[in-house]
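> Listed here are the chains, written in short residue letters.
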Amino acid sequence: MAQPQLTDAQLIARVVVHDDRNAFSELVRRHQSAVRATLRRLTAGNHALADDLAQETFMLAYRNMKSFRQEAQFSTWLYRIATNAFLADARKRKEELLGDRDQDLAPEEDGESAAVPTESAGSDQTRGASLRIDMDRALAALSDAERAAIVQCYHNDLSHEEAAIVLDCPVGTVKTHILRAKAKLKAQLAAWASH
Amino acid sequence: MNNPPRSCSDPSDDWLDALLRADGREHRADYLDDNGFTARVMAALPASPAALPAWRKPALAVLWAVAGIGIALALPATASDVAHEITRAIFAQRVSVAGIGAAFVVLVASAWTAAALALRTD
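Protein chains in written order, with our numbering: chain A, 501 to 695; chain B, 237 to 358.
Hints in this document: simulated from the structure, not taken from any laboratory.
Since this is a predicted model, take the numbers as computed values, not measurements.
Wrong hints could be hidden among the right ones.
Here are the in silico distance ranges between beta carbons for each label pair [said to hold, decoys possible]:
#1 A:Glu595 with B:Ala265: 34 to 40 Å
#2 A:Glu595 with B:Arg276: 23 to 29 Å
#3 B:Val342 with A:Val517: 36 to 42 Å
#4 A:Ala693 with B:Ala280: 41 to 47 Å
#5 B:Val342 with A:Arg591: 21 to 27 Å
#6 A:Thr576 with B:Ala283: 28 to 34 Å
#7 A:Arg591 with B:Glu262: 27 to 33 Å
#8 A:His518 with B:Ala297: 21 to 27 Å
#9 B:Ala265 with A:Arg591: 30 to 36 Å
#10 A:Leu560 with B:Leu311: 53 to 59 Å
#11 A:Arg680 with B:Leu355: 55 to 61 Å
#12 B:Ala297 with A:Ala513: 27 to 33 Å
#13 A:Cys669 with B:Ala352: 44 to 50 Å
#14 B:Ala345 with A:Thr576: 51 to 57 Å
On the chain A side, residues computed to face chain B include the following (Cβ under 8 Å) [stated by the list, open to error]:
#15 Arg529
#16 Arg632
#17 Met635
#18 Arg637
Every residue gets a Cβ at the ideal spot worked out from N, C-alpha and C, and that includes glycine.
All chains, full assembly: derive it from the sequences and hints.
In structure tokens, the structure reads:
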């Protein structure tokens with residue numbers, strides 16, 4: 501007979517009380533996709549860096565599992581750790597590159613907006629692929645904090661309040677980041693306005 | 237969705253909201269295959285302390301008590317001899333069987349103490 505699937509809370513309890521590695525492994529398996537996908541977006545498509553940060557996220561989660569008070573969902577807590585890991589890494593890289601990063605990651609800096617998706621592009625699949633490419637470029641041009649706010653609110657489907665918890669900032673700051681991000685995205689993605 | 241962005245968008249941003257939501261839906265629908273990621277995380281975790289049964293502490297205490305009583309019974313009058321021989325060994329007096337015995341007792345006691353400390357997890 502198949503065993504009933506344990507909840508995240510039950511798995512966490514096993515990790516905290518018995519240092520149950522199998523339980524932690526199950527938690528990683530359940531949440532790896534969401535955490536890695538979030539980090540891929542935050543790192544503007546740098547999959548290798550995203551996976552490194554995702555690994556760091558789960559390591560930190562394991563070490564600090566006792567401090568998780570289950571006031572928020574486990575996934576929200578993971579997003580918070582992942583976002584902090586990303587922002588810390590971004591700060592470190594910025595210091596190392598002395599500002600070169602913005603030039604490297606902002607291919608649309610000359611004011612040229614995303615390529616217009618043509619009608620002849622045809623299927624929804626093609627449109628989706630085009631949107632993803634343009635969205636990745638546009639997101640890459642945002643500041644790290646703006647991108648993090650957009651990713652949490654739109655991609656991870658969090659409310660402003662939840663995003664504020666994840667980003668460790670006031671709700672008003674989240675809203676400000678989103679407003680600024682959207683102003684930039686509007687310019688970057690203007691070609692999609694009529695589609 | 238909790239509609240988070242609506243409160244901070246104006247009507248002219250509707251197309252952008254729709255675009256972001258569509259992208260978000262696609263993002264959430266995509267499942268990334270594990271491809272060994274979980275195994276890499278598990279391999280990178282710090283080594284687990286040896287699995288120790290809950291009865292290890294009382295067992296160690298009993299072991300120490302038994303050893304102490306055994307020594308006391310087997311060697312009733314030798315405590316002063318041992319102390320004397322330890323003193324002699326320290327001051328480089330000639331080695332005797334009793335001296336070797338004293339050194340052995342000290343070594344065993346040290347080893348047991350070290351083992352007890354190593355097995356302690358909290």
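> For every hint, state whether the structure bears it out.
Taking the hints in turn, this is what the structure says about them:
1. Take A:Glu595 and B:Ala265: their Cβ atoms lie about 37 Å apart, and the range 34 to 40 Å holds.
2. Against the hinted window of 23 to 29 Å, the Cβ-Cβ separation of A:Glu595 and B:Arg276 comes to about 28 Å, which satisfies the hint.
3. Judged by the Cβ atoms, the range 36 to 42 Å given for B:Val342 and A:Val517 holds: they are separated by roughly 40 Å.
4. Taking 41 to 47 Å as the suggested C-beta distance range, the pair A:Ala693 and B:Ala280 conforms, at roughly 45 Å.
5. About 55 Å separates the C-beta atoms of B:Val342 and A:Arg591, a value inconsistent with the hinted range of 21 to 27 Å.
6. In this structure, A:Thr576 and B:Ala283 meet the distance hint of 28 to 34 Å, their C-beta atoms being roughly 30 Å apart.
7. For the pair A:Arg591 and B:Glu262, the supplied restraint of 27 to 33 Å holds, since their beta-carbon distance comes to about 30 Å.
8. At about 23 Å, the beta-carbon gap between A:His518 and B:Ala297 stays in the expected band of 21 to 27 Å.
9. A beta carbon spacing of about 32 Å between B:Ala265 and A:Arg591 agrees with the range 30 to 36 Å that was offered as a hint.
10. The supplied range of 53 to 59 Å is met by A:Leu560 and B:Leu311, whose beta-carbon atoms lie about 55 Å from each other.
11. Our hint of 55 to 61 Å for A:Arg680 and B:Leu355 holds, since their Cβ atoms are close to 57 Å apart.
12. At roughly 30 Å, the beta carbons of B:Ala297 and A:Ala513 sit within the given window of 27 to 33 Å.
13. The hint said 44 to 50 Å for the Cβ distance between A:Cys669 and B:Ala352, and at roughly 48 Å that hint holds.
14. For the hinted restraint 51 to 57 Å between B:Ala345 and A:Thr576, the CB-CB distance of approximately 53 Å keeps it satisfied.
15. Restraint check, A:Arg529 versus chain B: the minimum CB separation of about 5 Å is within 8 Å; hint holds.
16. Given the 8 Å rule on beta carbons, the hint for A:Arg632 holds: about 7 Å separates it from the nearest Cβ of chain B.
17. At a threshold of 8 Å, the smallest CB-CB gap from A:Met635 to chain B is about 5 Å, leaving the interface hint in force.
18. Below 8 Å, beta-carbon pairs count as interface contacts, and A:Arg637 has none with chain B, the closest being about 12 Å; its hint is therefore violated.
In terms of the numbered hints stated before, the structure departs from hints 5, 18, listed from lowest to highest.
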